[in-house]
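Enquirer: Sequence:
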Amino acid sequence: MTANNAAPAFATIMFLTGVGIPILAALNGGLGARLGSPMAASMILFGLAFLIATAGALMTASVGQIRFTSDIPAQFYFGGLFVAFYVIAVTFIAPRFGVGNAIFFVLVGQLVSAATIDHFGLFGALRSAIDAKRVAGIALMIAGVYLARRT
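Note that the sequence shown covers residues 127 to 277 in the working numbering.
Don't read these hints as lab results, they were simulated from the structure.
Among the clues, some could well be false.
[What the hints assert, rightly or not] Ranges of calculated distance between the beta carbons of each label pair, as one might list FRET restraints:
hint	residue 1	residue 2	range
1	Ala166	Ser196	33 to 39 Å
2	Leu248	Ala159	15 to 21 Å
3	Phe231	Ala159	16 to 22 Å
4	Ala251	Ala159	35 to 41 Å
5	Gly263	Ala200	30 to 36 Å
6	Gly224	Ser188	37 to 43 Å
7	Thr138	Ala183	19 to 25 Å
8	Thr180	Arg276	41 to 47 Å
No residue lacks a Cβ here, since even glycine has one placed at the ideal position from N, Cα and C.
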């Protein structure tokens, strides 16, 4: 299956991932509030995520691929820092700022970061230059999210 043939499936999975982000924020924020500790809630989330990832690695015989080696540039191992930062930040902030407001700023950050990564082909990403049409599209997306969140 090529990337073009898989595009509808990929789009659906990423859409569902996007649906899950505010749900994660609301659930983990609520757990943190009930526990009285966003850090404890984050630990529970990561513990469950670790168990699920471990089960997936065992079921797909991927465990042997887990390694730290100097052949892989160090920056490729730092994704966990960003995941931890996101989970801890949203767990702490969403109950105080509102899930919608928190996710609005996450979306704006994602749009800017994704466009930058694509433009420069950072971390081996496919290059897609930022042009006036893309800037306009991103601006419209930001405006749309802002209008949808405006109360």
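Enquirer: For each hint, tell me whether it holds in the structure or not.
Expert: Structure-based check of each hint:
| no. | hint | result |
| --- | --- | --- |
| 1 | Ala166 with Ser196: 33 to 39 Å | 35 Å, holds |
| 2 | Leu248 with Ala159: 15 to 21 Å | 36 Å, violated |
| 3 | Phe231 with Ala159: 16 to 22 Å | 20 Å, holds |
| 4 | Ala251 with Ala159: 35 to 41 Å | 37 Å, holds |
| 5 | Gly263 with Ala200: 30 to 36 Å | 34 Å, holds |
| 6 | Gly224 with Ser188: 37 to 43 Å | 38 Å, holds |
| 7 | Thr138 with Ala183: 19 to 25 Å | 24 Å, holds |
| 8 | Thr180 with Arg276: 41 to 47 Å | 42 Å, holds |
The structure does not agree with numbered hint 2 stated previously, though it agrees with all others.
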